[in-house]
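Next come the chains, spelled out residue by residue.
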Amino acid sequence: MSSVAAVPHAVVEEDVPHHKAKPPRVVRRRPGARRTARREAVFGYAMIFLAMLFVTVFTFLPILASLGLSFFDWDVISPPKFVGIANYQRFLADGPVLQSFGTTICMAIAIVVLQLSLGLFLAVLVNQRTSTFGRTFFRTTFYLPLLASTAAVSIFMGYLFDAKFGAINYYLGLLGLPGVPWLTSPFGAQVTIVLIVVWQQVGFTFVLFVSALMSVPIDVLEASSIDGAGPLRTLFRIKVPLISPTILFAAVIALINAMQLFDQPYIMTKGGPGTATTTATISMYQTGFQNLQFGYSSAIAIVLLLLILAITGMQFLASRKLVFYQ
Amino acid sequence: MSATTTIVTGSPQAAHPVAGKRRKAFQVGKFVGLVVLIIAAVFALGPLLWTLTTSLATPAQAFTNPPQWLPLHPDFTNYAAVFQQIPIGQFFVNSVIVTVLIVLGQTVTCTLSGYAFAMISFPGKNWIFGAFLATMMVPLQTIIIPVFVIIKTLGLTDSLAALIVPALGSAFGTFLMRQYFMQMPRELGEAARIDGASQWGVFFHVYARMAAPAISTLAILNFSGFWAEFYRPLIFLQSQSNFTLPLGLVGLQGNLGTGSISVVLAGVVIAMIPSVLLFIFAQRYFIAGVTAGSSR
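These protein sequence lines are chains W and R, in that order. Quick note: the first sequence uses the numbering used here, first residue 1, plus one each step. Quick note: the second sequence uses the numbering used here, first residue 1001, plus one each step.
What the hints contain is simulated information worked out from the structure, not anything from laboratory work. We put the CB at the ideal spot given by N, CA and C, even for glycine. Do not rely on the hints blindly, as some may be mistaken.
Stated by the list, open to error - Keeping only pairs whose Cα atoms sit at most 30 Å apart, straight-line, the calculated BS3-like set for lysine-lysine is:
#1 W:164 <-> W:270
#2 W:81 <-> R:1030
#3 R:1030 <-> W:270
Said to hold, decoys possible - Selected chain W positions facing chain R (in silico; Cβ < 10 Å):
#4 41
#5 128
#6 129
#7 133
#8 138
#9 146
#10 151
#11 212
#12 281
#13 289
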């Protein structure tokens, strides 16, 4: 924090010469203007210095270092050994790790589809309501799960979804249905974690969509109504196209987050049962911080990054035809 | 709206019944919509309410079926127990230190840099800003090993500083502040300059003050993000005395088994109190935080 507190002084110092040099700017235009521009540049660099320092040291350099490290064998103790693309070759032949990527992609797609459709559905319903109280009440309600940490959610959902004692199987029992092995069967655990993530995150998409729907111009809606469009037609032909940039944004954010899914499976199932909920990031954690194969873990990390970039790029390309910018 | 339809389409005799039918359908649809919304609200609130109720039950009542959904006979023994069984007070203080310092640090670094990228011209500005933007896509997990090594080199392993220092700058925060400063009129600064204000004076006395809503949004976003953080504490912290709340609670759950669920849930509720309080007083900044990124 001491470095942070020092900012104003540093900046003030940069700026001191300016006061002395003020009169010449008025008298002789061109050199003065050049000097002003240079002083402005110095001020600009001083202003971005701190952010630049932290982002460089803790983001830029680590990206390069991860990329570099992925071509080495390194267990922290002995010096790194250059192995070329061996880590990537190993990745392509590593069944369990490849499987963890498959699991991640499937769960991420399920999360994004559910989160977006449910969020949009609820937003449209709330958008129909005219009272401010109703809107505020539902907005607050659907946002509340986001106030809990993923760790807290994993803990209490773990109890609720408990196969023997959990409330959910209790109610299924009341309905005469057999108990579901929510977290104790491979497919059940995947479904449960998807549901839990959607339960917590749907409020995010919901809030985004509500504010986007509010900004749909009223005259457009009136015009469509005059032309005889019913509510469903208005929704799919007018509202959805008009808020499609927001839908794309929500899809990109949700997918980037879902591809990094870690906390819930790590806390609730430790990636199990078996390896059913071992996501790509859990694989990375295990190879890196448990097996101390930092080079290989970095290679997995780089693959994950490329995958996220590729999927996001594809989303933008696919949406070029679908998204309507005003 | 159906009334408008009637007027425009003309032929009053034919249009009226249709409009009436449509209005009726709309009313029914609205009612069904309300019912669906209420069901969704029950699902959203249910788990949270159950958590609160169970944390206020005696250990004997906890985890009994049928589940209790309302704390009719609140009992605070679990809250006393959670303080005895784990150093939750310590976890709480650790979480506060980490979150508050990151919020303050990013407020300073991101406001300064966001202003510069929006208002000041300097060579290479667009390139540097582009590089900032590019890092926003990079997952934390991708860079965690080098960050871990840097933390180790700096001698910060297993300390709160390991969580704080790497988070003091932020590409996203810079982006957020820049977007806000971009909307501000440049004339204000130019006028202040003519009146003799320095570059710093223009920033500090004119624009920084106007940026209060954006600063609040960034602070709230950072608070919610870092208060709930699990991944970095899991990797950077080893001794229990340094744990933050999420990591400490997961440890508590692991140590106690199913016997003391109500105690664990008391811990969960304690961890949620600051977020809920902040949400009550600053809800609009939470909402602004959600929509902040979408205005690219």
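query: Of the hints given before, which are not true for this structure?
result: Structure breaks hints 2, 3 and 7.
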